[in-house]
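These protein sequence lines are chains A and B, in that order.
For the first sequence, our numbering begins at 1 and goes up steadily by one.
For the second sequence, our numbering begins at 1 and goes up steadily by one.
These are computed hints drawn from the structure, not numbers from a lab.
Keep in mind that this is a model prediction, so the values were computed, not measured.
Even glycine gets a Cβ: it sits at the ideal position worked out from N, Cα and C.
Do not take every clue at face value.
Over the 12 angstroms line for every Cβ pair with chain B, so calculated as not near, a few chain A residues [as the list claims (entries may be wrong)]:
#, residue
1, Met1
2, Tyr45
3, Ile92
4, Ile164
5, Gly192
6, Glu252
To give a feel for the contact side, a few chain A residues facing chain B, derived at Cβ under 10 angstroms [what the hints assert, rightly or not]:
#, residue
7, Lys93
8, Pro98
9, Tyr186
10, Ser188
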Amino acid sequence: MLKNLYQYRELFKSNVKKEIRGKYKGSFLGVLWSFVNPLLMTLVYAIVFPFILKSGEPHYVTYIVIGILPWNFFTTVISQGTFTFLSNAGIIKKVYFPREILPVSVATSGLVNFIICIPIICVFLLCSGIGFSWYMLLLPLVIIAEYLLLLGIIFITGSINVYIRDFEYIVNFFVTMLFYATPVLYSSELFGDFAWILRLNPMTIIIESYRHILYYQQFPNMFNLIGILVISILLLIFGIFVFKKLEKGFAEEL
Amino acid sequence: MSTNGKKAIIVKDLTKSFKLFYDKPSTLKERFVFWNKKKVESRAVLEHINLTIDKGETVALIGTNGSGKSTLLKLMTKIIYPTHGSLQTNGKLTSLLELGAGFHPDFSGRENIYFNASIFGLTKKEIDQRIQDIIDFSELHDYIDSPVRTYSSGMYMRLAFSIAINVDADILLIDEILAVGDQHFQDKCFEKLTELKNSDKTIVIVSHNLDAIKNLCNRAIWIYNGQIRMDGDPIEVIDEYLKVCG
């Protein structure tokens, strides 16, 4: 599979480019929307949530920006990735190319988008006076864990969605629900002894790791983080297995 | 592979059947509601096809609509897979099933050349080497940097054909597109195909343009109801085909 991806690297590259640039093509602000969108979201939550939720965080806005950007990465990739084979039905039915390029380029364009947005986090860290620390060197590990987790998920959801079109709506609903089960806007400490339930959700551990590294400037829970990394890799292997099984029928089902 | 060095396409006892749905259930609700009503019938489009195409041959697939020739071509491109049997191809393969599949309307002609050629597995460097040939062949110099959505359908097809013809594949699969553009461009395509034929490329064409086939191909295969009815010299096969189906 890696050989395939390498041979078709030009397609992969232009597909990633197309995902990033084509998404906002025709809009006035263009790629700037990748910045504006999460900022607007943050603004809304920063205004609304302090009223509902008494949080003891002194830099609440920075606190939620660090949660929202990785969460955005997660949701965009899942919703686009689940839909990717359907939205490319035209070429899948007409041309042969390694189909795995589609989910991989969705996840990669999400990754690039996320990395472009990291300066936003940096600006917030500087403005709030938290600043940078050496722990930021651990950031790539968390990002890789999230990327692999996403890849595994969309290989499965994308392939199933070709056969059962409802799957997309189920996934979208599930992701919306998951937002509340992930400590994006609140801290898992809020749940006291039951915080472990939240940690069954891999995104909890990923977002907590981002927070530990960037906000609290300390080591993330390495045991949990390595655990997620291993789970993501296993999920990815399973995802590729499912995809390989279902791939051969794509052109007929689409 | 070395033992099959001279063979471009080998088809062994290939059968392809499609599921026939009367009303295709693809939502969960329908799957649950019609759980037991197995309204699925399977229909064999191709049955026990055995076929070998040598390197350098130019082969036409002929037959009436629905006889399975396009399905066979799709199987060769690996867009769909056989139900039974096997199909093996040796060498880099390009298909022209539908012109301009995968064009992105908002991108310029030049960007689409890169995108479309990369679908065929070319790297940037390889495309850079060919881009001038592609543009020259399409004769779209003045429009190559405009978005493809502003193109007329003739220009669209010219660009797509120019890309496919210039990717340097060993095997070229073409589905009914000999009628591209105006007379001038058609002649040009025909000339290019003849040139490719005389190099050691393998070409498989599905077409209803019998005169063109007679001129271009050195072998014709008549597919009738999912089976090979006749295989041989184009002129003889076409004569026989016209007697039965004409």
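Taking the hints in turn, this is what the structure says about them:
Under the 12 angstroms C-beta cut-off, the non-interface status given to methionine 1 of chain A relative to chain B holds; the minimum distance is some 15 angstroms. A cut-off of 12 angstroms between C-beta atoms confirms that tyrosine 45 of chain A is not in contact with chain B; the least separation is 33 angstroms. With a minimum CB-CB distance of about 8 angstroms to chain B, isoleucine 92 of chain A fails to clear the 12 angstroms threshold, and the non-interface call is violated. Its closest Cβ contact with chain B, about 6 angstroms, brings isoleucine 164 of chain A to no more than 12 angstroms, contrary to its assignment away from the interface.
The Cβ of glycine 192 of chain A sits about 38 angstroms from the closest Cβ of chain B, beyond the 12 angstroms cut-off, so the non-interface label holds. Against chain B, the non-interface label of glutamate 252 of chain A is violated: not every CB pair exceeds 12 angstroms, the least being about 6 angstroms. Taking 10 angstroms as the C-beta contact cut-off toward chain B, the hint placing lysine 93 of chain A at the interface holds, the least distance being around 7 angstroms. With a least beta-carbon distance of about 9 angstroms to chain B, the hint placing proline 98 of chain A at the interface is held under the 10 angstroms criterion.
Hint status for tyrosine 186 of chain A: violated, given a least beta-carbon distance of 33 angstroms to chain B, over 10 angstroms. Given hint, serine 188 of chain A at the interface with chain B, is violated; its Cβ is 33 angstroms from that chain's nearest Cβ, farther than 10 angstroms.
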